[in-house]
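Assemble chain B onto chain A, guided by the hints.
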Amino acid sequence: MQHFTASDGVQLAYRIDDFTKPWGEAETLVLLHSAMGCGRRFFSWIPDLAKRFRVVTPDFRGHGHSEIPAAERPLTLERLVADVTELMDHVGAPRAHYVGTAAGGYLAQRIALDEPERVIRMSLFGSAPGLKQSQALSWIPIVQEKGLRGFLAETITDRFPIGDCDPELVEWFLDQAGGNNPAYIARFISLMADQDWSDEVARIRCPTMVVMPGLGKIGDHSAYAPMRAIPDVVMKTYENTPHNVWDFMPAQCVADVIDFHAGPEAVGRGGSARNSRET
Amino acid sequence: MLSFAAADGVSLHYQVDDFTNPWERPETLVLIHAAMGSSRRMHLWVPHLARDFMVVRPDMRGHGQSRIGPDDALSLERLTRDVIELMDHLGVDAAHLAGSSAGGIVAMNAAMNYPDRVKSLGAFAALPGLKVSAGHTKYGSWVDRIGSDGIAGFLRKTISDRFDVTTVDPGFVDWFIAESARNDPESLRRFVPVMAAADISGGLGDILCPTLCVVPEADPIHTPEQYALLKQGIRDCRFVSYDVSGHNITDAYPDRCARELAVFLRHVRG
Numbered sequence: 020m021q022h023f024t025a026s027d028g029v030q031l032a033y034r035i036d037d038f039t040k041p042w043g044e045a046e047t048l049v050l051l052h053s054a055m056g057c058g059r060r061f062f063s064w065i066p067d068l069a070k071r072f073r074v075v076t077p078d079f080r081g082h083g084h085s086e087i088p089a090a091e092r093p094l095t096l097e098r099l100v101a102d103v104t105e106l107m108d109h110v111g112a113p114r115a116h117y118v119g120t121a122a123g124g125y126l127a128q129r130i131a132l133d134e135p136e137r138v139i140r141m142s143l144f145g146s147a148p149g150l151k152q153s154q155a156l157s158w159i160p161i162v163q164e165k166g167l168r169g170f171l172a173e174t175i176t177d178r179f180p181i182g183d184c185d186p187e188l189v190e191w192f193l194d195q196a197g198g199n200n201p202a203y204i205a206r207f208i209s210l211m212a213d214q215d216w217s218d219e220v221a222r223i224r225c226p227t228m229v230v231m232p233g234l235g236k237i238g239d240h241s242a243y244a245p246m247r248a249i250p251d252v253v254m255k256t257y258e259n260t261p262h263n264v265w266d267f268m269p270a271q272c273v274a275d276v277i278d279f280h281a282g283p284e285a286v287g288r289g290g291s292a293r294n295s296r297e298t
Numbered sequence: 004m005l006s007f008a009a010a011d012g013v014s015l016h017y018q019v020d021d022f023t024n025p026w027e028r029p030e031t032l033v034l035i036h037a038a039m040g041s042s043r044r045m046h047l048w049v050p051h052l053a054r055d056f057m058v059v060r061p062d063m064r065g066h067g068q069s070r071i072g073p074d075d076a077l078s079l080e081r082l083t084r085d086v087i088e089l090m091d092h093l094g095v096d097a098a099h100l101a102g103s104s105a106g107g108i109v110a111m112n113a114a115m116n117y118p119d120r121v122k123s124l125g126a127f128a129a130l131p132g133l134k135v136s137a138g139h140t141k142y143g144s145w146v147d148r149i150g151s152d153g154i155a156g157f158l159r160k161t162i163s164d165r166f167d168v169t170t171v172d173p174g175f176v177d178w179f180i181a182e183s184a185r186n187d188p189e190s191l192r193r194f195v196p197v198m199a200a201a202d203i204s205g206g207l208g209d210i211l212c213p214t215l216c217v218v219p220e221a222d223p224i225h226t227p228e229q230y231a232l233l234k235q236g237i238r239d240c241r242f243v244s245y246d247v248s249g250h251n252i253t254d255a256y257p258d259r260c261a262r263e264l265a266v267f268l269r270h271v272r273g
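Chains as they are written, first to last, in the working numbering: chain A, 20 to 298; chain B, 4 to 273.
There may be inaccurate statements among the hints.
As the list claims (entries may be wrong) - In the SDA-like style, the derived pairs of lysine to any residue whose C-alpha atoms are separated by at most 25 Å in a straight line are:
| no. | chain 1 | residue 1 | chain 2 | residue 2 |
| --- | --- | --- | --- | --- |
| 1 | B | Lys160 | A | Asp278 |
| 2 | B | Lys122 | B | Leu5 |
| 3 | B | Lys160 | A | Trp42 |
Claimed, not checked - Derived coverage of chain B by chain A (criterion: at least 3 residues anywhere in the stretch with Cβ under 8 Å from a Cβ of chain A; other residues may be distant):
| no. | segment |
| --- | --- |
| 4 | 20-34 |
| 5 | 44-53 |
| 6 | 133-147 |
In case anyone wonders, no lab produced these hints; they're calculated from the structure. For each residue, glycine too, the CB sits at the ideal point set by N, CA and C.
The shape of chain A in the complex, shown without the other chains:
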């Protein structure tokens, strides 16, 4: 775990994992977590991705090992986006592959829209153009009443296929996500719940993959419909899945990310495609 200081003075944590061939030139791929998440949530994604990419995994402000900003400071989408782009400059990756889950995908989309030169390719998991088309604002009173963990436990079937995934993973998720600072998370979700850029996504220039959890529990399918207007888009549905596909079906997600970001048509721009004879 490493730290850097954002331009407004907040300390942010991140990690870099790179198991690519040292004599090749690997492209950078950044993994952007969801609200209440942290970089650690990608534990099962990183080994396979880091064979092909230099993987940068931040903790957003107020999440994981990053500092929680003071309550009186305004929390804006622009500030959260700047945290990511400042980090990417800090690690020497002005251009990179962007992968985002839910709210992390919102940041990726804003970067693809506002600073398109930064994004080589983008893939989004359970990430519509903003959270306005969802029930997210109704979460906040439940969080206030039952606590973050209590809220997540009560709504767990929105996120995990209970009975069809590892119960220890679910418990760990509840402890990790439920362990966030509730006041900050309320600010974070209120901010996200106010966002809707459906009318802008047609301007996204990079090749984009949109993965939709089939059951449409958090943001139903209509929320994703505008993304069909992205000029170079692959829309994928994981059938019959609740929201947190990245947590309970990581192998499928990673396979799709590798296929999309390092697949036959994506390779040839770096050392990542240089397979040894035995692979």
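Relative to chain A, chain B alone:
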């Protein structure tokens, strides 16, 4: 990179990669590099193993960022203690050990002398001490040539001992030589004779843990008969020979070696 102080005060560096399930207490796997190497030379192995193990990669003393210490400090026993003390430092009672060449000798020696601390052993292109092959390979001349040609010059002139250069990536060869040359020639001048004088073949019968030995069939540095000592001497030995030439299988075929180890470890854990 992390560091700790060995019992003799020498500062030793190591890396840890752990992508195991956060709700489980992981088993530990220590990967020990070869002479003239460093933890960086095992880095392509990590993604194959770090979902299942906390993978610890030390820089052996006198290699990478680890200092060599005073003249009398270097022995096979000391190098072995360094691994055990690193495990102590990490609070690890017992670990799986795997090593490449000289690193494999250290791992073997640990399995013989600290059987309670070693759950399984992986030895890649490793003999039970280099004295076993001293009639065949003139280690004394290595020291002289490292002195006169430098590490890079020595390796460049003898590169066909290491890999089949007609099949490996040319970028890899340059990287291997540059990476090896980051080490201090003076440290290697002390390290190579220690390994060249070591013969622990008499202790092979003391290795009780499950063992994987992977060897190159056509190794210019060690002969098939020398490698055969391993399967003759180690009780629970899975012996695998790769139909390749060149000593450095762990560098030339990292994915294959790491997968071999991963499959073996899965079997060991049942």
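Hints breached by this structure: 1, 6
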